[in-house]
Amino acid sequence: MAATLEAMIHLRQSNRTENIEQAERALALARSHQGDSIFGFLPQLVTTMQFVDICCTQQKFDPAQSELKMKALQTTLPTLLKGLSWKDDGSFSIPVSSPSTGVMQSMIDGKNIALRFNWLPREDISALACLLSGAAMFHRNATDGQKSEQILREGLRTLDS
0 MAATLEAMIH
10 LRQSNRTENI
20 EQAERALALA
30 RSHQGDSIFG
40 FLPQLVTTMQ
50 FVDICCTQQK
60 FDPAQSELKM
70 KALQTTLPTL
80 LKGLSWKDDG
90 SFSIPVSSPS
100 TGVMQSMIDG
110 KNIALRFNWL
120 PREDISALAC
130 LLSGAAMFHR
140 NATDGQKSEQ
150 ILREGLRTLD
160 S
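The sequence shown begins at 0 in numbering that gives the first Met the number 0 and counts up by one.
In case anyone wonders, no lab produced these hints; they're calculated from the structure.
Incorrect hints may have been included.
Cross-link-like lysine to any residue pairs, in silico, SDA-like; alpha carbons within 25 Å at most [unchecked claim]:
no.	residue 1	residue 2
1	70	115
2	86	114
3	70	114
4	70	21
5	81	63
6	70	19
7	86	73
8	59	20
9	81	59
10	70	7
11	70	140
12	70	94
13	59	113
14	70	138
15	81	143
16	59	147
17	146	74
18	59	11
19	86	67
20	86	146
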């Protein structure tokens, strides 16, 4: 989670090549942990990584890569959104090894300690995915029958409702 947040911070700082490269390095670090069993219980983290990855390619103005990553997102997102660990309010918890106070909470079994994150609900994720998909396809909007505009409108309609 920390590496994913770091990638988001680098992207937020600026769209300079250096910041984008730092964001991609942080994402690579986050992906290096995908073999951990906890990833199966954190579809929110996987989704966040995919969103940040698409944003990196958008910042680099690489339409072909953006489309590939967008298609990968569209393939995995329905499965991730159906995950049993995805709560209606979008919150999720990451287990940590030692107890603490403050933002830490005890897991259901009372033995494990976890760091709780409040995140986006499923409906907002779908809208964000539409908006990123529309942006990723916008470079060929005129030749593709305004498909990206349709996707962007769908994302906005989802947000309005």
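Against the structure, the hints come out as follows:
1. 70 with 115: Since the Cα atoms of residue 70 and residue 115 sit roughly 30 Å apart, the hinted pair is violated (cutoff 25 Å).
2. 86 with 114: holds (15 Å)
3. 70 with 114: Violated, because 31 Å separates the two Cα atoms, which is more than 25 Å.
4. 70 with 21: Answer holds: residue 70 to residue 21 is near 24 Å, not above 25 Å.
5. 81 with 63: violated (28 Å)
6. 70 with 19: Measuring from Cα to Cα gives roughly 21 Å; hence the hint holds.
7. 86 with 73: holds (20 Å)
8. 59 with 20: Holds, at roughly 10 Å.
9. 81 with 59: violated (32 Å)
10. 70 with 7: holds (21 Å)
11. 70 with 140: holds (16 Å)
12. 70 with 94: violated (31 Å)
13. 59 with 113: Judged against 25 Å, a Cα distance of about 36 Å means the pair is violated.
14. 70 with 138: holds (15 Å)
15. 81 with 143: Roughly 31 Å separates the two Cα atoms, so the pair is violated.
16. 59 with 147: Satisfied, since the Cα-Cα distance of roughly 19 Å is no more than 25 Å.
17. 146 with 74: Holds, at roughly 18 Å.
18. 59 with 11: Between residue 59 and residue 11 the Cα gap is close to 14 Å, so the pair holds against 25 Å.
19. 86 with 67: violated (28 Å)
20. 86 with 146: violated (32 Å)
Taken one by one, the earlier hints fail for this structure at numbers 1, 3, 5, 9, 12, 13, 15, 19, 20, listed in ascending order.
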